[in-house]
Amino acid sequence: QKEVEQNSGPLSVPEGAIASLNCTYSDRGSQSFFWYRQYSGKSPELIMFIYSNGDKEDGRFTAQLNKASQYVSLLIRDSQPSDSATYLCAVENSGYALNFGKGTSLLVTP
Amino acid sequence: DVKVTQSSRYLVKRTGEKVFLECVQDMDHENMFWYRQDPGLGLRLIYFSYDVKMKEKGDIPEGYSVSREKKERFSLILESASTNQTSMYLCATSTGLPGNTIYFGEGSWLTVV
Numbered sequence: 006q007k008e009v010e011q012n013s014g015p016l017s018v019p020e021g022a023i024a025s026l027n028c029t030y031s032d033r034g035s036q037s038f039f040w041y042r043q044y045s046g047k048s049p050e051l052i053m054f055i056y057s058n059g060d061k062e063d064g065r066f067t068a069q070l071n072k073a074s075q076y077v078s079l080l081i082r083d084s085q086p087s088d089s090a091t092y093l094c095a096v097e098n099s100g101y102a103l104n105f106g107k108g109t110s111l112l113v114t115p
Numbered sequence: 711d712v713k714v715t716q717s718s719r720y721l722v723k724r725t726g727e728k729v730f731l732e733c734v735q736d737m738d739h740e741n742m743f744w745y746r747q748d749p750g751l752g753l754r755l756i757y758f759s760y761d762v763k764m765k766e767k768g769d770i771p772e773g774y775s776v777s778r779e780k781k782e783r784f785s786l787i788l789e790s791a792s793t794n795q796t797s798m799y800l801c802a803t804s805t806g807l808p809g810n811t812i813y814f815g816e817g818s819w820l821t822v823v
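If you're matching them up, the sequences are chains A and B in order.
In terms of this note's numbering, the first sequence is residues 6 to 115.
In terms of this note's numbering, the second sequence is residues 711 to 823.
Read the hints as simulated data drawn from the structure, not as lab findings.
Keep in mind that the hints are not guaranteed to be accurate.
Per the computed footprint, the stretches of chain A lying under chain B, defined by three or more beta-carbons under 8 Å from a beta-carbon of chain B, are [said to hold, decoys possible]:
| no. | stretch |
| --- | --- |
| 1 | 70-80 |
| 2 | 108-114 |
Capping the alpha-carbon separation at 30 Å, the derived lysine-lysine pairs in DSS-like fashion look like this [stated by the list, open to error]:
| no. | chain 1 | residue 1 | chain 2 | residue 2 |
| --- | --- | --- | --- | --- |
| 3 | A | K61 | B | K765 |
| 4 | A | K7 | B | K723 |
| 5 | B | K713 | B | K765 |
| 6 | B | K767 | B | K728 |
| 7 | A | K61 | B | K780 |
| 8 | A | K72 | A | K7 |
| 9 | A | K7 | B | K767 |
Ideal Cβ positions, reconstructed from N, Cα and C, are used throughout, including at glycine.
Put together the whole structure using the sequences plus the hints.
Structural data, given as structure tokens:
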């Protein structure tokens with residue numbers, strides 16, 4: 006079974022701080038990695054994806070990938086209360102479906 | 711924008727009933743998926759389809775079947791609903807191209823009593 010592991014949290018950060026969310030995966034052959042955000046009672050929405058080792062930035066979000074260590078992380082700069090949600094890490098599985106972690110709950114306090 | 715429509719948002723069904731969950735996408739995507747999401751268990755793949763009339767089992771197919779007669783429509787069928795199938799069901803699509811970003815519908819909340 007290919008595993009995607011995330012700390013369930015909750016991760017609590019003050020407004021304006023950097024939130025750091027981490028994810029590890031078991032399948033060394035995985036090529037594509039995704040971060041989704043899910044508000045309570047809503048469906049997941051894509052934040053960003055990353056394929057190559059290193060950093061990828063999109064606005065306040067930065068995804069980091071280290072294939073050798075099999076981890077991917079998401080940094081949220083200048084965290085806002087509206088960023089409070091569950092963040093799902095996903096790894097492409099066999100070219101079709103994504104395999105999701107159970108998510109990390111983030112709480113940004115004013 | 712990708713639009714994935716799940717027509718039934720909230721359903722209450724009785725144990726033993728046959729349940730149909732419908733999903734329609736308007737982006738001509740090749741792949742369609744059904745996931746269920748439960749607290750503490752995360753998102754789990756039930757079935758997926760990469761072409762019309764093609765289907766593949768996911769991680770938890772037991773008690774479910776699917777139908778894809780047209781490219782834009784993917785149906786999830788609970789042959790005989792049971793209380794342990796109470797969950798949120800999420801339909802999703804993807805292009806199947808490298809990168810393969812998945813887009814979700816709004817979800818269907820099913821309660822089996």
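Checked hints:
Only residues whose C-beta sits within less than 8 Å of a C-beta in chain B count toward coverage, and the stretch 70-80 of chain A has 0 of them, not enough to reach three; the restraint is violated. Using a Cβ-Cβ cut-off of 8 Å, 1 residues of the stretch 108-114 of chain A lie near chain B, which falls short of the minimum of three, so the contact claim is violated. A distance of roughly 34 Å separates the Cα atoms of A:K61 and B:K765; the hinted pair therefore is violated under the 30 Å criterion. A C-alpha spacing of about 33 Å is found between A:K7 and B:K723, which places the hinted pair above 30 Å, so the restraint is violated.
Of the pairs offered as hints, the one joining B:K713 and B:K765 holds, with about 21 Å between alpha carbons and a cut-off of 30 Å not exceeded. A C-alpha spacing of about 20 Å is found between B:K767 and B:K728, which places the hinted pair at or below 30 Å, so the restraint holds. Taken as a hint, the A:K61 and B:K780 pair is broken in the structure, with Cα atoms around 37 Å apart against an allowance of 30 Å. With a C-alpha separation of about 15 Å, the suggested pairing of A:K72 with A:K7 holds against the 30 Å cut-off.
Taking the CA atoms of A:K7 and B:K767, the gap is about 15 Å. The hint holds against a cut of 30 Å.
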